[in-house]
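Heads up: the sequence lines are chains A and B, in that order.
All residue numbers for the first sequence refer to the working numbering, where the first residue is 177 and numbers rise by one.
All residue numbers for the second sequence refer to the working numbering, where the first residue is 498 and numbers rise by one.
Since the hints were made in silico from the structure, they are not lab data.
Values in this document were obtained by computation on a predicted structure and should not be read as measured data.
We treat Cβ as the ideally placed atom computed from N, Cα and C, and that holds for glycine.
Hints may contain errors.
As the list claims (entries may be wrong) - For each label pair, taking beta carbons as the anchor points, the in silico distance ranges come out as:
#1 342/A x 519/B: 25 to 31 Å
#2 661/B x 289/A: 26 to 32 Å
#3 323/A x 527/B: 43 to 49 Å
#4 338/A x 648/B: 49 to 55 Å
#5 287/A x 544/B: 42 to 48 Å
#6 287/A x 522/B: 30 to 36 Å
#7 605/B x 226/A: 50 to 56 Å
#8 574/B x 213/A: 43 to 49 Å
Stated by the list, open to error - Just so you have them, the derived chain B footprint on chain A, three or more residues with Cβ under 8 Å:
#9 222 to 235
#10 391 to 402
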Amino acid sequence: VTARVLLAVAIAVAPGTASADEPSTLLPCRRAGVVGRDGCAFGVWGSNLREPYLFVDFGVTLRHFSSGPASPTAIARFGGPMISSSSVAGGGGDHTGGLDGAFDFDERVGVGFAHGLYIAFDLELGNFAWRRGDSSRDVVLAASGAAGLRIALGPIALSAEIAGGVIDSTYAQTPSFLTLPLVEARGRGELWVSPWITLGVMAGTSILRRDEWLLGGYVGFHTHAYAGDR
Amino acid sequence: MRAGVLVVVASCGYRPGSFHSSLQPFTGERATIGCVDVSIDRRRDLPNGDVVVSFAFGNRCDHPTLVDLAAAVVRGRVDHPIASGDTRLASSAIAEERGWTELVAVDPRNEIVALRLDGRAVGTETIAYEGDDVATHEVCVDAASIVHAEPAMWSCFPGAERQP
Numbered sequence: 177v178t179a180r181v182l183l184a185v186a187i188a189v190a191p192g193t194a195s196a197d198e199p200s201t202l203l204p205c206r207r208a209g210v211v212g213r214d215g216c217a218f219g220v221w222g223s224n225l226r227e228p229y230l231f232v233d234f235g236v237t238l239r240h241f242s243s244g245p246a247s248p249t250a251i252a253r254f255g256g257p258m259i260s261s262s263s264v265a266g267g268g269g270d271h272t273g274g275l276d277g278a279f280d281f282d283e284r285v286g287v288g289f290a291h292g293l294y295i296a297f298d299l300e301l302g303n304f305a306w307r308r309g310d311s312s313r314d315v316v317l318a319a320s321g322a323a324g325l326r327i328a329l330g331p332i333a334l335s336a337e338i339a340g341g342v343i344d345s346t347y348a349q350t351p352s353f354l355t356l357p358l359v360e361a362r363g364r365g366e367l368w369v370s371p372w373i374t375l376g377v378m379a380g381t382s383i384l385r386r387d388e389w390l391l392g393g394y395v396g397f398h399t400h401a402y403a404g405d406r
Numbered sequence: 498m499r500a501g502v503l504v505v506v507a508s509c510g511y512r513p514g515s516f517h518s519s520l521q522p523f524t525g526e527r528a529t530i531g532c533v534d535v536s537i538d539r540r541r542d543l544p545n546g547d548v549v550v551s552f553a554f555g556n557r558c559d560h561p562t563l564v565d566l567a568a569a570v571v572r573g574r575v576d577h578p579i580a581s582g583d584t585r586l587a588s589s590a591i592a593e594e595r596g597w598t599e600l601v602a603v604d605p606r607n608e609i610v611a612l613r614l615d616g617r618a619v620g621t622e623t624i625a626y627e628g629d630d631v632a633t634h635e636v637c638v639d640a641a642s643i644v645h646a647e648p649a650m651w652s653c654f655p656g657a658e659r660q661p
């Protein structure tokens, strides 16, 4: 399980690493060359503040689902496209043998605006560690957009957001995707461990389905020191 | 990959008053003006006689601060008396400071402008100043001018060799 998680992290990080190998404007001029000579451009040190504030989070999310993969309730409430309950061995919402959940890797990219407002895009990929059985979720994909408000409290930043998107799941014996809408209220707390790095925790709950919640932890990278809050 | 390493190395942020960063050296005369720690150094003149000055600066504060190298006041004292026929040099001489001229940055692309330095961030620039084909004996830089502060804080450097 750990290896799978590490592999997923490596894949997720890979695009950023590849782009970093390109000539980077973040690097200072080599050998302190003179501006206008030696290919040296002025103002590399100020370039980040000329761009919008961006943040990228990498973390894990623990999701708990309220009902079975294709429960009559879910189908009745949200309709297709989704698999029928009869096509899922052990499905039909009968999850008395354990919790229905997923352990996902989460990538998040966001843009900050004035007054602590921000928008972000989340992409989750799982399921890396959960009960393995016929009725457990095999692959979980979630994509969502979020809008929120962040406030700074000394070394901590707190934020609240509303997210909307979709979440897809497959099951061990059924390759079809079960697609459900996702609307969640989330709260976040982040600790600044450096001017550009945070450690954060997140908790949220579904607005559409009762007893459906999520918890997460992540590390965040920010292009503006302290998100420009100070 | 380098950028990734850079992020990790830089992640600690500049420590106020340290004049130290793993990303760049802080050499020369040191000064602290408001949120800015700056070290200024003179390097070898360019072959054409242009004076070369390096600036290394760190933001002591958590919030962004102004660093305006376009406003840096750099003065040079030439070791030759002003030739009577050299009207260019004579016009730029500062009358009340005999022998001192205000040096103009060499900026062919007009890129030297005021910028904001991020909180706890560092930066460095090396800028050439027109030497007017006359060996510049001594150079002084007003460190306070780069943050639009007063009074002036002069850092002075003796004559430097020319690069071959």
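Hints and how they fare:
Evaluation of the 25 to 31 Å hint for residue 342/A and residue 519/B yields a failure: the beta carbon distance comes to about 44 Å. For the pair residue 661/B and residue 289/A, the beta carbons lie near 53 Å from each other, so the given range of 26 to 32 Å is not met. Our hint of 43 to 49 Å for residue 323/A and residue 527/B holds, since their Cβ atoms are close to 46 Å apart. At about 53 Å, the CB distance of residue 338/A to residue 648/B agrees with the hint of 49 to 55 Å.
Between residue 287/A and residue 544/B the C-beta distance comes to about 47 Å, which sits within the given range of 42 to 48 Å. Evaluation of the 30 to 36 Å hint for residue 287/A and residue 522/B yields a pass: the beta carbon distance comes to about 35 Å. Distance hint for residue 605/B and residue 226/A: a CB-CB separation of about 21 Å, inconsistent with the stated range 50 to 56 Å. The hinted range of 43 to 49 Å is not satisfied by residue 574/B and residue 213/A, whose Cβ atoms lie roughly 25 Å apart.
Beta-carbon proximity to chain B at under 8 Å applies to 4 residues in the region 222 to 235 of chain A; the threshold of 3 is reached and the given coverage holds. Against chain B, the region 391 to 402 of chain A contributes 4 residues with a C-beta closer than 8 Å to a partner C-beta. That satisfies the three-residue criterion, and the hint holds.
In this structure, the earlier hints numbered 1, 2, 7 and 8 are contradicted, and the remaining ones agree with it.
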